[in-house]
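Trainee: Those sequence lines, one after another, are chains A and B. Heads up: the first sequence begins at 1 in my numbering, then just goes up one per residue. Heads up: the second sequence begins at 1 in my numbering, then just goes up one per residue.
Just so you know, the hints here were simulated from the structure itself, not pulled from any lab data. C-beta: ideal position from N, C-alpha, C; glycine also. Hints are supplied without guarantee of correctness; some may be wrong.
With a straight-line Cα cutoff of 27 Å, these simulated DSS-like cross-link-like pairs (lysine-lysine) come out [to be verified]:
| hint | chain 1 | residue 1 | chain 2 | residue 2 |
| --- | --- | --- | --- | --- |
| 1 | B | 33 | A | 372 |
| 2 | B | 72 | A | 46 |
| 3 | A | 403 | B | 47 |
| 4 | A | 46 | B | 33 |
| 5 | A | 192 | A | 161 |
| 6 | A | 405 | B | 108 |
| 7 | A | 192 | B | 108 |
Pair by pair, the computed Cβ-Cβ distance ranges are [said to hold, decoys possible]:
| hint | chain 1 | residue 1 | chain 2 | residue 2 | range |
| --- | --- | --- | --- | --- | --- |
| 8 | A | 102 | B | 133 | 45 to 51 Å |
| 9 | A | 62 | B | 104 | 34 to 40 Å |
| 10 | A | 375 | B | 142 | 31 to 37 Å |
| 11 | B | 103 | A | 171 | 27 to 33 Å |
Listed next, the stretches of chain B that the computed footprint assigns to chain A, with coverage defined by at least 3 CB atoms under 8 Å from CB atoms of chain A [said to hold, decoys possible]:
| hint | stretch |
| --- | --- |
| 12 | 27-35 |
| 13 | 72-85 |
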Amino acid sequence: MHRFEDSAYEPGGGGHIRINNISKTEGHSNLDIRIKNGKVDYVKLKITESKRFYTQAIRGKPAISLPLMTSRICGTCSIAHLTCCSEAVENAIGFEPTDQTLMLRKLSLYGMMIRDHALHLYLFCLPDLFGKDSILDFDKSQDDMIRKAFAIKSTGNNLSKVIAGRAVHATFAEVGKFSHIPDKAEVDKLVKELKSVRGYAIEFMEIFYSCGLNLERDTNFVSLVTDDYSFSKGKIIDSRGSCILEDRYWDYLNAVIMPYSQAVGYKFEGQEFMVGAISRMNLNKDNLHGETKADASKYTSAFPSKNIFHNNLAQAIEVLHCIDASIELLESNDFKEEHSDSVVIKEGQGIGMIEAPRGTLYYMLSIGNDGKVKYGNIIVPTQQNQVCMEKSVLELVNANMDKPKSQIEFEIEKLIRAYDPCMSCASHFLKVKWR
Amino acid sequence: MKSKKLKIGWFSFTCCEDSTMVWIELMNENFFKWKDMIDIRHARVLKKRNKLSGIDVAFVEGAITTEQDAKKLRTIRKNSKKLVMIGSCAINGMPAAQRNTFNDELKKEIEFLIIRFKQTPNVRSVKDIVPVDDEVQGCPMDESAFLAVLNKYIKEFGVSSA
């Protein structure tokens, strides 16, 4: 067998590419690629995060406190799990939160998006664009850019802290309400901060727009589409024209068992698909905030796009949108303590669905008459992208077979990072419904 | 004279990496200061070219679920002068260790996956495997407690700011 050395690949040969511990992603994964007769035989993306069996662990737990538990599925998008789980519990018991609660939820999602996208774009992807291994390797001449990156990330972090208590495992958000209402001084300070980083967000859009990375795929882009691009309460749309209600989403998904991976993958209507910022931008850019549309028209014109790397550009645009939408909500509302109906947990079944930073997040919960969880089903974005990621890697390697191994590996890692996978999320354990 | 830096490694095992996120959020304010005082030799979340040698302080997040991870943890211990457990999963295994408390029915349900992915019968904490020097509690870790431990070692290892 031809050994795949760090030299030009020998056409007609065979070999393996193995990348252990893919860096600059959330969580752990390995990649195993076999090449046979000059073509990729298979790609196995092995999510190596050990399962934590949340689907079993939540059974028998009180539904009222479940969001606090499932937010621990993921460190970086814990607010997504917290929000989606709360929504599922509320739908199961027939509880409608107040408009103010829904607004605070939107703001906490905006804060998470700014912080989480900033982490992915500036700490994980930016070094690739400047030929560096890490953000730690930039030289002094790039200090200004790094300062701006951290300023944006810090603003997202502070928005989450003020609205939800903290950015990681937030403490104010509960089923049915927020336990703390932000005060005027905190809000005023936040608005100033958001306005101060707005220009930086535009500068970063240019970097991700002009980077030239390209891998076009004819995949199906799927997203929860909302009227105000607010990441919750909408309809599921795909780029092939389907429009689905939230509670029917599960009917369109097919589990794909990948015995080598700790996570179960999914297909949509029997085919690979992609969720995430690129899908949202492809399907919903008309609903971006007006100020964002005005200042980002050069960049939004790239969508709809089939270029997987445009997921990064879409995230960069969403950072600006979340800044603009937050400024508007914070400036035009006075938040006050309000009386809300008490939450009474009762028997029922409910769906929660939101757009997490990495794509569509789905919760289905069944609650018993004792107020405890009978059964739960959680599907995260990275599971939905797993099949698409493998196929994209296959196409990328086939197209670059003449390049040195080290360069192919670098290209693969950049591509995997473009999907912004979260291995911690993906390896919570789902009990698959066989059908 | 070139200033001495504290050589650290940041490692995560089975967890949601919430404390990693808090550490990275602390960089919003501390990045340039830490760049002068700290040499991050190993942190998969930030870099590909990592060195598992000559580490002054290893920060370890997450619970230990496989023998392979236990072995890796022992290697980290061998190559680090000090080892600090970070967050609840590292300190007491929870919530990753929820399966230790499962009833027989739930244990039976997950058995095939425990076998397939070579997980150990019980989830263990970091201190179940190696001796530790310090811990930072919380889920995620408490920011000020982490800064206190970091600053303690910065002082102990004679690091001066540039």
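Trainee: State for each hint whether it applies.
Mentor: Checked hints:
1. B:33 to A:372: Distance ~48 Å between residue 33 of chain B and residue 372 of chain A Cα, so the pair is violated.
2. B:72 to A:46: Holds, at roughly 19 Å.
3. A:403 to B:47: Holds. Residue 403 of chain A to residue 47 of chain B sits at ~23 Å (cutoff 27 Å).
4. A:46 to B:33: 37 Å, violated
5. A:192 to A:161: Satisfied, since the Cα-Cα distance of roughly 16 Å is no more than 27 Å.
6. A:405 to B:108: Violated. Residue 405 of chain A to residue 108 of chain B sits at ~44 Å, over the 27 Å cutoff.
7. A:192 to B:108: It is violated: about 55 Å lies between the C-alpha atoms, which goes past 27 Å.
8. A:102 to B:133: 45 to 51 Å: Since the Cβ atoms of residue 102 of chain A and residue 133 of chain B sit about 47 Å apart, the hinted range of 45 to 51 Å holds.
9. A:62 to B:104: 34 to 40 Å: Check failed, 22 Å falls outside 34 to 40 Å.
10. A:375 to B:142: 31 to 37 Å: 35 Å, holds
11. B:103 to A:171: 27 to 33 Å: Holds, at about 30 Å.
12. 27-35: holds (count 6)
13. 72-85: violated (count 0)
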